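*Asks:* Generate coordinates for the entire structure from the input sequences, incorporating the hints supplied.
Everything in the sequence shown is counted per numbering that gives the first Met the number 0, starting at 0 for the first residue and increasing by one.
In short, the hints are calculated from the structure, not lab data. Predicted, not measured: the structure shown is a model, and the values here were computed from it. Be aware that a few hints might be false.
[To be verified] Ranges between beta-carbon positions, derived for each pair:
| no. | residue 1 | residue 2 | range |
| --- | --- | --- | --- |
| 1 | Pro-526 | Pro-271 | 32 to 42 Å |
| 2 | Ser-46 | Gln-128 | 27 to 37 Å |
| 3 | Leu-53 | Gly-382 | 41 to 51 Å |
| 4 | Arg-471 | His-356 | 42 to 52 Å |
| 5 | Trp-522 | Ser-46 | 33 to 43 Å |
| 6 | Gln-546 | Asp-525 | 56 to 66 Å |
All residues carry an ideal CB built from backbone N, CA and C; glycine is no exception.
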Amino acid sequence: MPAVPLHWSWSLPAVVEPSPLQGLDLPLSLRCVLRRRGFSSTSEAESFLSPGDLPPTRDHFPDLEQACTRLVKACRSRERVAICGDYDADGMTSTALLLRALAPLGAEPEPAIPSRMEEGYGLNPAMVQRLYDDGMRLLVTVDNGVAAREALELAASLSMQVIVTDHHTIPAQRPPMTALIHPATTPEGSPYRGLAGVGLAYVLAHAVADVLNKPEAIRVARDLFCIGTVADMAPLVGANRSWLLEGLNHLHRSECKGVQALQRLAGLGERPLTAEDIGFQLAPRINAVGRLGEPRLVVDLLTAEDPDSAMALARRCDDYNRQRRDLCDAIEAEAVALVEAESSDTLPSFLLLAQSHWHHGVIGIVAARLMERYHRPTALLAGDGDGSLRASVRGPIGFAVDRALSNCSDLLTRFGGHPAAGGFTVKAEFVHALHERLCAEADGWLMTQAQGRPVQPDALLQLQDVNWDLWRHLQSLAPFGIGHPKPLFWSRGVSVEDRRDLKGGHLALTLRQGESERRAIAWRWDPAAPVPACCDVAYSISINRWQGEQRLQLELKAIRAHTALVLIDRGTRQYTAQLTESSGLKLTNGEGETLQASIQQEQSLTSDNDLARDQRVIQLIEEACLGLGLRP
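*Replies:* This is the structure we're talking about:
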């Protein structure tokens, strides 16, 4: 049996009323998207599309006043402050943000980022001792620190003050610290709940600048917030959405010489940037440095004042990014070969793969790719010396990585993370027992999942509907990311007019439906996956920019053979739905009993069967209509 599932499981969207959110100036398909994402009223949707003012941060972060007071004192006395960051894009942009904000406010901030290869993640005792010996008495952590008990206890014993800004899981027993700025300390439902590390650094810098009445000190802070937030895949709702909407309008004109250099190197031009530009062009160049090189390079880039120096540093980032791509491709190929060699009939519910020679800096990227490919929580482990292995973990939606690792804490030397991702260190002799325990953690989650990779389109479109007017309205829903993904559309019964296999394993298609043709691209397409001549396709919509021209294109996420039958799962029961030659709908249960409904004008349905009055049957009919393309 092939390890890569060949059959896709298509989950139909939840049923919505025929004309949802009618007060919005949006096409029906986009109103359906918003309704299916939980917006039940026009006013609620309008508040999301055009956010109002946010509540004062001091009312939502209990320790913000204390942290702000201590930093204001440091600014007024020109005190040295260590900014203890991390080596991913969130941590490095957070570090640069506070360096750029605190210096003009009067303090003397200095970066302190651990080496991924030599020191590992986050604040550690050796770093604390080194900073103390150098005369540092105030530390501010960004994107780390909340679980660094040993380091924080050492700092307390040395009478060092530590302000922790972090968004990773708070341990049951909170270590000693001067103040904690953390999303979990905000009230339930707070718009600040989704902030990443760079968002928390922005909150802190903004509060200090307000007290000192120097708003100009944090102009660049907003730009770095945008990059770090998207790069860390923070949910683009609440404060993240509000600040990103504001920041993206100005990011292409950033005063930060390093951001300017990255944009020129990526060929982004002078146009306003999107979250996708950050996620696919800027963030990888920053992240690659922390994964393969010295994170101080990115901090230097984002704090550079000379354009020539900034461009030279940006080119070094670009070199690291090319190395990162090559490494990821090689490790992914090896990991896929291991999965397929070890899997006989079924895949384990939790994928755990270990090779001592894999590079710590990129195994998280490959773990995410394997998670997407096999729809399993995935951990990749690389040698860490002294008989230990260090891992990066990624989990699908619904599987909590941090909880699973916490339940295995007795087997781990060190661990941390959040629901979607995490990491740990484990002794080699415990790896087998750990894999068994993690599989047990994943078994229950997997029982709730359909077979194959789930694809859940938001709305049905005809190819003729994919036009510039739809694109213009689609932009009012942006920015897209975690928590508010790009809408996934689908079209039914399209024909493949042309196919080209592109360099890099990508697939280009020309699709036709009636008189309409559209270009489509499938990134990293599995060459063994079939492309039927007549098919249903799921896709997002993007712009292809090439040699000064712009074209709309479909970014394919799934292809299945077009069929007159649709399967609907209801717990342990399964139903089939199909269109009949007499313009009707036939619904059949597992016992062979059928229900007929005829399609009237404007696609309304009528049935003489008394069962059609039952609410559960009505919902089955509605789902059948969605699956057969009779509803948007």
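*Asks:* So which of those numbered hints doesn't the model satisfy?
*Replies:* Hint check: 2, 6 fail, others pass.
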